[in-house]
Amino acid sequence: MKKSFLVISSLIVFALALAGCATTADLEKVRAQEREINAKADQALQASQDANANALKAAETAARAESALKAAEERAKAAEERAAAAEERANKAEAAFEKSMRK
Amino acid sequence: MHRIIDLAIPLHRLRLLVVPFIFILTLHGCAGIRSVEVIPPPLPTRPAETIKQNEFFIGKEDDAIGRPAVIRLEKGDTLPDIARHFSLGIHEISLANPGVDIWVPEAGTRIMLPLHFILPDAPRKGIVINLAAMRLFYFKENKKSLTVSTYPVGIGTIERPTPIGQAYVKRKVFRPTWYVPASIAERHREKGDPLPSKVPPGPLNPLGEYALYLSRSSYLIHGTNKPSSIGLKATNGCIRLYPEDIRELYEKTPVNTPVHIISQPYLIGQINGVVYLEVHAPVEEQRVADLRKLFARLKNIEKKTKRKIDWGQVDKTLAEVRGIPVPILELREKIEKGNENIVEVRHPGKLYGSPEMPQLSVEAWYILAAEHRDATDAARMAAIISHQGPPIPARVLAKRDRYRVIAGPFGDMQTAEDTARRLKIDLEVDGILIEPGNNR
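Chains as they are written, first to last, in the working numbering: chain A, 1 to 103; chain B, 104 to 543.
Quick caveat, the hints were computed from the structure, so don't treat them as lab data. Be a bit skeptical, because a hint or two may be false.
[Stated by the list, open to error] Pairs of lysine-lysine, DSS-like flavour, derived with a Cα cap of 25 Å:
(1) A:Lys92 with B:Lys294
(2) B:Lys406 with B:Lys419
(3) B:Lys301 with A:Lys99
(4) B:Lys336 with A:Lys99
[Claimed, not checked] Quick partial rundown of chain B residues pointing at chain A, CB under 10 Å, derived from the structure:
(5) Asp204
(6) Ile205
(7) Trp206
(8) Val207
(9) Thr260
(10) Trp281
(11) Val283
(12) Ile287
(13) Thr338
(14) Asn339
(15) Cys341
(16) Met460
(17) Asp480
(18) Met484
(19) Gln491
(20) Asp529
Don't be surprised by glycine CBs; every beta carbon is placed ideally from N, CA and C.
With these hints in hand, go ahead and build the complete structure from the sequences.
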């Protein structure tokens, strides 16, 4: 009995040892895989964040550009109006001058 | 090696010189107390020509005179001042330089001096005035040659145009009196500026110093007290010339000289194997008839020369109306370089006839004519006031972000008030009198 117990125990221990060996390797493998996957996840996350940031940046840039364009258009319009007003003043002055040249 | 001259004079000899000197000065001073009529000095002659602008010899086959030129503007130049110096009218120089501000042009700009003229299609005898070009030509035959003198003119307004037709010089008068026509007197009365029945010779006389009275009653060729009006439609039908030009014309034109007044807006002339077209603004009612005549002449040239006119250039020249000869047909294979070359004229130190600007003095009267936010507007106004006839000195004084147009200096309150009144009547400017600093 004792002998049988010993044999069985030895077998169990042996089996366990074998299983333990298999588990460690697997575990290591799994851990390695996990690490790899994590790294990839990190990359993906970073990429996603970068993409979001770029998209946001692009949107902001587009908005700024649009705003700048609008401001430039308004400035051009204002300049045009100022030039037209200056021309009108010049024409008025010229008309007054020509009238003053009569007898 | 310079010679050193000893200028020391012994004291007793100095006394001998000084006493009679003081005596002479005293006598002169006494003479000065009496009022003496000051005869104005003779009008200065135009400075030496850097480019021919008035007098030309012409051959029988010549259709044009002069040559185009350019000049670079300097700070303070106005187109009327440049025009007068080169015997051009305001309209001529402005038309030849579209887009250039007449009163405040940018310094450094190169502008054209349109000193190239196609002669009008009229007998080359006596005085020929082309109203469309606002230019007078005086032809004089001397034995074997023909000379032409040319001057810019001011002509009648749209309401009172200069009449077209033939006349002759009936009489000439130096320092004429202006007998004010009833219509003009009425107009001035309405403006609050009543005129006397006659204006004697002097700075207020719009006829200037010389007048050629024409056989056509009430029409004259005369000078002016408003030189900046030459090249404008500003008269009541008469022909106006710069003071220096009417003097020349007066001296060389005998009585009975024929005067032919025409209106030819489209001029064709051949120079050195090139046919040129010169376009001025036509009278609206005559536009179609004038164009028909022009096209007929151009077709005739094509027929005779068997060459094609550049009709694209003709259309462009008709549209632009710049008053300068433009080539539209080359008759020779190899064109000789001649008058069509543009010459650059050196800017003279001082422009003839440009307004004088007296020094400021706190003891004088001034008029604040206007205050502007824009420096250009202020400069333009000051220039216009300075070019009134008689001239009113005016300048711009900057104060922070404003630009004040100040007319003056004036010696007394009466003169300042009279000038303020002129500014109001002629330019609708409400000036504010500025008293002298010491409240004299």
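Do the numbers back the hint for Ile205 (chain B), that is, is its least Cβ distance to chain A under 10 Å? With a minimum Cβ separation of about 7 Å from chain A (threshold 10 Å), the hint on Ile205 (chain B) holds.
Is the shortest C-beta separation between Asp204 (chain B) and chain A less than 10 Å? holds, 7 Å
Is it true that the CA of Lys336 (chain B) sits at most 25 Å from the CA of Lys99 (chain A)? Measuring from Cα to Cα gives roughly 10 Å; hence the hint holds.
Could you check if Met484 (chain B) really has its C-beta closer than 10 Å to a C-beta on chain A? holds, 6 Å
Let's test the interface hint: is any C-beta of chain A closer than 10 Å to that of Val283 (chain B)? holds, 9 Å
Checking hints one by one. Is Asp480 (chain B) an interface residue toward chain A, by the C-beta closer than 10 Å rule? Hint on Asp480 (chain B): holds, closest Cβ of chain A at ~6 Å, below 10 Å.
Below or equal to 25 Å on CA atoms is what counts here, so check Lys301 (chain B) against Lys99 (chain A). holds, 22 Å
Hint validation: Asn339 (chain B) versus chain A, beta carbon distance must be below 10 Å. Holds or violated? Holds, about 6 Å.
Given Trp206 (chain B) as an interface hint, is its Cβ closer than 10 Å to any Cβ of chain A? Result: holds, 8 Å to nearest chain A Cβ.
Thr260 (chain B) as chain A interface residue, shortest Cβ-Cβ below 10 Å: Hint holds; Thr260 (chain B) Cβ to chain A Cβ min 7 Å, cut 10 Å.
Minimum Cβ distance from Trp281 (chain B) to chain A below 10 Å? holds, 9 Å
Does Asp529 (chain B) hold up as a contact with chain A if the rule is Cβ-Cβ below 10 Å? Nearest chain A Cβ about 4 Å off; hint holds.
Of the hints listed earlier, the one the structure fails to meet is number 16.
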